[in-house]
Amino acid sequence: MILNGEPSEIPAGETVTSVLARLGLESGARGVAVAVDGEVLPRACWETFALAEDARVEVLTAMQGG
Amino acid sequence: MSDPSEPSQTTSRVSELGGQPHDVSTAAPPDTLTIAGRTLRSRLLLGTGGFPSLELMAEAIAASATELVTVALRRVGVGGSQSRGSLIDVLADAGVELLPNTAGCRTARDAVLTAKLAREAFATDWIKLEVIGDEDTLLPDAPELLRAAEKLVDEGFVVLPYTTDDPVLARRLVDVGCSAVMPLGSPIGSGMGIRNPYNIALIREAVSVPVVLDAGVGTASDATLAMELGCDAVMAASAISRAEDPVRMAHAMRHAVQAGRLARTAGRIPRRHYARASTPDEGLPDF
Numbered sequence: 289m290i291l292n293g294e295p296s297e298i299p300a301g302e303t304v305t306s307v308l309a310r311l312g313l314e315s316g317a318r319g320v321a322v323a324v325d326g327e328v329l330p331r332a333c334w335e336t337f338a339l340a341e342d343a344r345v346e347v348l349t350a351m352q353g354g
Numbered sequence: 072m073s074d075p076s077e078p079s080q081t082t083s084r085v086s087e088l089g090g091q092p093h094d095v096s097t098a099a100p101p102d103t104l105t106i107a108g109r110t111l112r113s114r115l116l117l118g119t120g121g122f123p124s125l126e127l128m129a130e131a132i133a134a135s136a137t138e139l140v141t142v143a144l145r146r147v148g149v150g151g152s153q154s155r156g157s158l159i160d161v162l163a164d165a166g167v168e169l170l171p172n173t174a175g176c177r178t179a180r181d182a183v184l185t186a187k188l189a190r191e192a193f194a195t196d197w198i199k200l201e202v203i204g205d206e207d208t209l210l211p212d213a214p215e216l217l218r219a220a221e222k223l224v225d226e227g228f229v230v231l232p233y234t235t236d237d238p239v240l241a242r243r244l245v246d247v248g249c250s251a252v253m254p255l256g257s258p259i260g261s262g263m264g265i266r267n268p269y270n271i272a273l274i275r276e277a278v279s280v281p282v283v284l285d286a287g288v289g290t291a292s293d294a295t296l297a298m299e300l301g302c303d304a305v306m307a308a309s310a311i312s313r314a315e316d317p318v319r320m321a322h323a324m325r326h327a328v329q330a331g332r333l334a335r336t337a338g339r340i341p342r343r344h345y346a347r348a349s350t351p352d353e354g355l356p357d358f
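Protein chains in written order, with the numbering used here: chain A, 289 to 354; chain B, 72 to 358.
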């Protein structure tokens, strides 16, 4: 799957929560949002949603900005 | 368009006996701004971008007395997750509300998705909508902006669009349900002030929602002018964060916005072509 624009070795079927853990983020982390294949994945689905092999995952967080 | 119900009294009085001022208060009279039902005591919005450190950002926030600051969304892993993790903490400690933006979006589709992600990340329906149409000037893309605004309003967002200084576009944005409009004074980060004050004043007349001057503010007088033109608030980012002394400039902006607001509501004198003596001619000795 593609994680934040980079090909990754993350196996298919992994949940969003475990992908976040790989990035050092707890699933309760404030200021974090996840999109899968161009759609928002609500926080409530992070524990259960299994990512497909060709999923495009974006993990975003707060950054200083005007 | 000054509102007679706005505060205009001053607490400073001159004693009839001694001619000395007494009961002088330097505090501005209470004056609040309401956007989409949220009441703000400060009419200065602050962008968090461009500060050399989070410590300076926090100090500048305190000095500015702002209650609403913008934040952006970016990929985790860019620029070190440690510092970004603490950004939210620093802003929470500062006691400010977050106004997420869609900075960097070039299409309505991207802006709408970014707004939805921001709602998820920050648990707020408020979004500062930016859809950029030109790389050099970072000017808004009007058709994409309007499309995104309409979609986001339909999705239940409180939309504050960064827009050009075009009164017609401002009205269109309000027609689709935007809660405020944020016209630019000049391009983002340019510090060129308000290039078309006439249009900013026209926007104030054209819409019934709050007008927040956004982008182009370079120094305190720009913020004052915006308020004198009738803007309800000013947003400053680079003007503060990239100043030589950001905390000092934050102080300056706070006072500049208050000064402009007071002057606007006090009602300035009309401009005249020739002089009008302020001292009466009666009693003038004949030497």
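Incorrect hints may have been included.
Said to hold, decoys possible - Per label pair, the in silico range of CB-to-CB distance:
#, chain 1, residue 1, chain 2, residue 2, range
1, A, SER306, B, ASP316, 27 to 35 Å
2, B, GLU126, A, ARG318, 14 to 22 Å
3, A, GLY316, B, THR103, 32 to 40 Å
4, B, SER292, A, ASP342, 50 to 58 Å
5, B, ASP160, A, ARG310, 49 to 57 Å
6, A, ALA340, B, SER292, 50 to 58 Å
7, B, SER292, A, ALA338, 52 to 60 Å
8, B, ARG242, A, GLU297, 47 to 55 Å
9, B, GLU126, A, GLU341, 43 to 51 Å
Stated by the list, open to error - Quick look at which bits of chain B chain A covers, simulated, 3 or more residues with Cβ under 8 Å:
#, segment
10, 186 to 194
11, 205 to 211
12, 287 to 294
Said to hold, decoys possible - Dumping the calculated SDA-like pairs for lysine to any residue here, alpha-carbon to alpha-carbon at most 25 Å:
#, chain 1, residue 1, chain 2, residue 2
13, B, LYS187, A, ALA323
14, B, LYS222, A, VAL328
15, B, LYS222, A, GLY312
16, B, LYS187, A, ALA343
17, B, LYS187, A, PRO330
18, B, LYS187, A, CYS333
19, B, LYS187, B, GLU215
Simulated from the structure, these hints should not be mistaken for laboratory data. Even for Gly, the Cβ is constructed at its ideal location relative to N, Cα and C.
> Which of the stated hints cannot be reconciled with the structure, identified by number in ascending sequence?
Replying inline: 1, 5, 11, 12, 15
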